[in-house]
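Protein chains: 2
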Amino acid sequence: MRIGGAGEHGGFRTLTILSVSKLTDVPKRILIGRALRSDKLGETLLPKRIALPVFASDPLSSVAYAPGEVLLVLSVAGLSAYHFSPWIALAVVVLMFTVVASYRQNVHAYPSGGGDYEVANTNLGPKAGLTVASALLVDYVLTVAVSISSGIENLGSAIPFVVEHKVACAVGVIVLLTLMNLRGVKESGSLFAIPTYVFVAGVFIMIAWGAYQGIVLDETMKAPTADFEIKAEHEGLAGFALVFLLLRAFSSGCAALTGVEAISNGVPAFRKPKSKNAATTLALMGGLAVTMFCGIIFLAMATDVRMAEKPAEDLLHNGVPVGEGYVQDPVISQVAAAVFGDGTFFFVVLAAATALVLFLAANTAYNGFPLLGSILAQDRYLPRQLHTRGDRLTFSNGIVLLAGAAALLVWVYGADSTRLIQLYIVGVFVSFTLSQIGMVRHWNRHLKSEREPAKRRHMIRSRAINAFGAFFTGLVLVVVLATKFTHGAWVALLGMVIFYGTMTAIRRHYDSVSAEIAAAEERPDEYVRPSRVRSIVLVSKLHKPTLRALAYAKLMHANELEALTVNVDPVEVKALKEEWERRGINVPLKILDSPYREITRPVIEYVKSIRRESPRDAVSVYIPEYVVGHWYEHLLHNQSALRLKGRLLFTPGVMVTSVPYQLQSSEAAKKRARKRQEWNAPGSVRRGPVEKGQKEPAAKNNR
Amino acid sequence: MRIGGAGEHGGFRTLTILSVSKLTDVPKRILIGRALRSDKLGETLLPKRIALPVFASDPLSSVAYAPGEVLLVLSVAGLSAYHFSPWIALAVVVLMFTVVASYRQNVHAYPSGGGDYEVANTNLGPKAGLTVASALLVDYVLTVAVSISSGIENLGSAIPFVVEHKVACAVGVIVLLTLMNLRGVKESGSLFAIPTYVFVAGVFIMIAWGAYQGIVLDETMKAPTADFEIKAEHEGLAGFALVFLLLRAFSSGCAALTGVEAISNGVPAFRKPKSKNAATTLALMGGLAVTMFCGIIFLAMATDVRMAEKPAEDLLHNGVPVGEGYVQDPVISQVAAAVFGDGTFFFVVLAAATALVLFLAANTAYNGFPLLGSILAQDRYLPRQLHTRGDRLTFSNGIVLLAGAAALLVWVYGADSTRLIQLYIVGVFVSFTLSQIGMVRHWNRHLKSEREPAKRRHMIRSRAINAFGAFFTGLVLVVVLATKFTHGAWVALLGMVIFYGTMTAIRRHYDSVSAEIAAAEERPDEYVRPSRVRSIVLVSKLHKPTLRALAYAKLMHANELEALTVNVDPVEVKALKEEWERRGINVPLKILDSPYREITRPVIEYVKSIRRESPRDAVSVYIPEYVVGHWYEHLLHNQSALRLKGRLLFTPGVMVTSVPYQLQSSEAAKKRARKRQEWNAPGSVRRGPVEKGQKEPAAKNNR
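So the sequences go chain by chain: A and B. Following the UniProt record's numbering, the numbering of the first sequence begins with 1 at its first residue and continues without gaps. Following the UniProt record's numbering, the numbering of the second sequence begins with 1 at its first residue and continues without gaps.
Check each hint, because a few of them may be wrong.
Pairs involving identical chains hold if they fit within one copy or between any two copies, as the list cannot separate such chains.
[Said to hold, decoys possible] With a straight-line cut-off of 25 angstroms between C-alpha atoms, the simulated DSS-like cross-links for lysine-lysine are:
no.: 1; residue 1: 608; residue 2: 554
no.: 2; residue 1: 127; residue 2: 274
no.: 3; residue 1: 671; residue 2: 608
no.: 4; residue 1: 455; residue 2: 274
no.: 5; residue 1: 554; residue 2: 577
no.: 6; residue 1: 554; residue 2: 645
no.: 7; residue 1: 127; residue 2: 670
no.: 8; residue 1: 645; residue 2: 544
no.: 9; residue 1: 448; residue 2: 670
no.: 10; residue 1: 590; residue 2: 448
no.: 11; residue 1: 645; residue 2: 670
no.: 12; residue 1: 675; residue 2: 645
no.: 13; residue 1: 544; residue 2: 554
no.: 14; residue 1: 554; residue 2: 127
Bear in mind the hints are in silico, worked out from the structure with no lab data behind them.
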């Protein structure tokens, strides 16, 4: 029999639409929204033109803050240090090319979506894998914090109110994104595509228009801060100190590289040929990112943008510090003001698109976090239910954790992207480095067995790329740690340690349980199989639920069957007994005495006495249960049954059967449950569907 | 077979002691305390000398505030009105005798502990019964609020700090009592006896000593306020206005009568002959209360106690108002200061005993509230589990509700007993009146059938007493409502309406469910009995829990048996299938496809398809369940199983069997569950044990 087929789906869908169209749960609906059909999930795999904005909004958006951070750090040594910025840009470009080239190898070798975690886990062992995972989890938190803070700053360059209430606005956006993702909105290609393409187009037009004006028309464009002077914190820096400063500036510039790994986690979401399309998208993304990054640095130099690490003190206007009230606009908005003019239509559009892309970049973390969680859950580092769909509670907990941590950081650091960036990148480069080292091992292993010369050549080439990648990213990691540790990178490391510890503990728990319940190899059925069953039906009154439970219990052909009631009220018990006889129910009714009106204890002790009497008998307890529709009805029903059930589960050799009786009101709960089921887990688009029929045909009956 | 006997109890007790001696749950233990053995509950029924303090602390303690309230109201018409106070005391005494005489009839006629509610319900119908119940519930809240506020004021006469932080202290005592009762401390006779007897003895010594000094030694005793003057708010009040004032004073004096009904609710807790002992205790209590009440009024007159309704303005010292800073001590403490001397040993002991008795009176409400709740639950006006023991949650909710409402009142009324008393008494007199009217009807009914002259005479006498009681208490109710409605009685009425509405709604719900599930009279088994059973064992992996579930399912001889797994991970499913074959498990394994990694939906749809195929088959689903010991382990296990179970219960024709597998960690939860079971529900002493063997012999097996 084929189950779950189209016909049934059709029927179910009709029911669902009916239930959704009724206006129940109004407050929750308004807040969390209507659930979407899960069988639409991944109905279409992503074409490259959609995959690019979905996966690349994070790295592309980082050009909104990375160039500024470079200038900011250089300003410490005074305006003269600005001349190093093209060299730093060049270094970032080389790094970007290296990383992109390396990851193109990854997506070909590991198309399953495990990304850096899988690569490190497979090739370097579980500890390396878990380190990468912890690093990435921390990085997701920081992606949210940094992207939203930067988005708020960009929005603020057009709308002053936003900058004046920076922290509140940033937290507001976090809350909004969180609600959106709890609601289960599917990552939609078009939602991502429009602002991302507007942003990319805007930046390119700006660069082109700036180049045209500057080079062809030879006009002087002046940034709003062009007339400012910079007071060097350390004048005439040279030797080691200068190198250290340049390395710090480079570290900040590396923020442009965050999010590159997203594509390698999302390979299953691409159309076929998945790996090739992913690699192409990766190259496209790298090309766009470096062009935009360099273009903005170039324009910033051309328009004399001035940024300082401590603008209040070190930025001078007519020789006087600008003071606390001064708001330092992001470099992209200063450049836009110089090229398009402050407040012009293009300026505002670009600011809005920049902010939007940055918020989308934050949303990327909301999707990447559960995606990684799902893979970690598969390896039992996180609760198992993150791997399957549908446990909204667990997913929600993860999202709330992510949002809470990000909001905390935003609040502690005053939504200041410059300060938050000090924490950033550590995680990314930990995972870059470990992943590339893993890839080198991967090729080494494969080279051992591969004999075909063409493939060997290819592998050797790939290994060289990954080896260079490992070397370079490792170097950057050392630089980042050295230059940023005291500036805040320690916070990121602490976060990594916490994630690592938690996940290790969860894995240890699962392992110990797994060892406890592992089935013995020999005669598996023997040791747990009891010889007979005694069935007991719990009875309080003679009504339909009881009669149904009795009828069901009879069907099961137990060796013995009896009904059991507890005497908490002599009058009621007498009435029950009389009705029992009057109806001629052919099941013996046992009455337990309970002088203190307890229900649980007499039943438990009776069951225990049966088990003691004949330890090889299993006891099957049937509990008639009302199925109700509202929480307050739960308070009025089933309490004794539930408590008893909970206690019986602790008694070995007992199985507990709920025989439900659906009250009319249960329809409401049924509808709610269905709606809940149709929730879209964040990250599910990136994860792609299970490779259907890859190893098992559908609904195969293995008789 | 005899079950629940001594031997088994012994074994269970040993286990319990072991589990309790382990120091788990430390924080909770400190707060809520160690649970007590429930089979000690009601081990001894109460002798009269213990029953008196347990049941009478409420009415006896009210002499601590009632006399003062009388003077307070009279002061409105100036000092001259104080001369009416003996007349008012006389009226209260007459009322007390009437009420006591009436209730002596009640306890003889209704020894089951249903009290006023039962009397009104039986004789006047459910609406009257529910009105009485609502009134009593409101009164319990007010007993807590008034007694604790007054206790704080009495304590404050010895310890000024307490009066300075009245509200905080009062709320603190409420919290303390609440925790005590949540903890499940048994109402202990000796705990009640000592302070109550110290209080009674102290008041009698004070009266005797005062009388001896005043009459025999002819010394002048002067209360601390003897030199104060009272500015009459309404000088020279006469005619209707004066009568109204006197009636208001009388209403306040009636506070001495609250709690009289407690004995009629507690008859089952008395030793045999229960009714006679209860009636004697009632008479004793009445005698003590009126003697103390009159004695204190008499001493207050003799020592020139001056109290004013608004002391700050109307109490003059040397012609000047005493002002806001002045604290008006309770009359009992002023009298004690006059007789024993302020701050002397006797004074402090009496103040402490008074406060303690008042707190015990409040505790009485904590026990009376669930007791009444239990009776209301039996009639399905409140959740059913209040009738049986053991649902700590429900009891706790009730207690927290009581405490919350009392604390709210204390806070709103600034822990001012004078203002709170305006709300009090309404409830008591509603229930007095309805109960007495009910008793008249009761005798009328019995007189119709009774032919024996001696019994008829007795009944006619009882009827006369109850009729007078009904008339008098009804009159008082009208007086109370007329004189106090705007002063706060409306709040009490509002509370009654809320309780009435809630209980009606609950009853309506139970009735509608009851009608829905009522078994048809004809061929009860027929319509619900399916013809065959198909058993399905849910499988995720092949481990001990799964093997146990398979073994149990096999025992049940279903018509068809299959194992079911959902393919959320092709690799795992492949491994499962291979192991299934390797182990040679002779149950067919069905694999459901789930492209989007859902578990619940494919299973539900499969079960539905079976039901559609053969609607007369029942489906029995076996779910292997881990039993774990800590909440965080729940997050890591069973989530899919629980969610699935919840959804299956909504599917008609399905029964769900949990086959538990007890992990080692489950021991912890088992112990916690046992401890929870040994909790003492508040009110259980008053309620007495079920009349064992009265109608049903213990553990009778009705085969």
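Hints, verified against the model:
{"no.": "1", "hint": "608 with 554", "in the structure": "both (22 angstroms within a copy, 23 angstroms between copies)"}
{"no.": "2", "hint": "127 with 274", "in the structure": "neither (29 angstroms within a copy, 74 angstroms between copies)"}
{"no.": "3", "hint": "671 with 608", "in the structure": "between (39 angstroms within a copy, 16 angstroms between copies)"}
{"no.": "4", "hint": "455 with 274", "in the structure": "within (20 angstroms within a copy, 99 angstroms between copies)"}
{"no.": "5", "hint": "554 with 577", "in the structure": "within (19 angstroms within a copy, 33 angstroms between copies)"}
{"no.": "6", "hint": "554 with 645", "in the structure": "both (20 angstroms within a copy, 22 angstroms between copies)"}
{"no.": "7", "hint": "127 with 670", "in the structure": "neither (44 angstroms within a copy, 36 angstroms between copies)"}
{"no.": "8", "hint": "645 with 544", "in the structure": "both (20 angstroms within a copy, 21 angstroms between copies)"}
{"no.": "9", "hint": "448 with 670", "in the structure": "neither (58 angstroms within a copy, 55 angstroms between copies)"}
{"no.": "10", "hint": "590 with 448", "in the structure": "neither (74 angstroms within a copy, 41 angstroms between copies)"}
{"no.": "11", "hint": "645 with 670", "in the structure": "both (22 angstroms within a copy, 13 angstroms between copies)"}
{"no.": "12", "hint": "675 with 645", "in the structure": "between (28 angstroms within a copy, 17 angstroms between copies)"}
{"no.": "13", "hint": "544 with 554", "in the structure": "within (15 angstroms within a copy, 28 angstroms between copies)"}
{"no.": "14", "hint": "554 with 127", "in the structure": "neither (55 angstroms within a copy, 43 angstroms between copies)"}
Violated hints, listed in ascending order, are 2, 7, 9, 10 and 14; each of the other numbered hints is respected by the structure.
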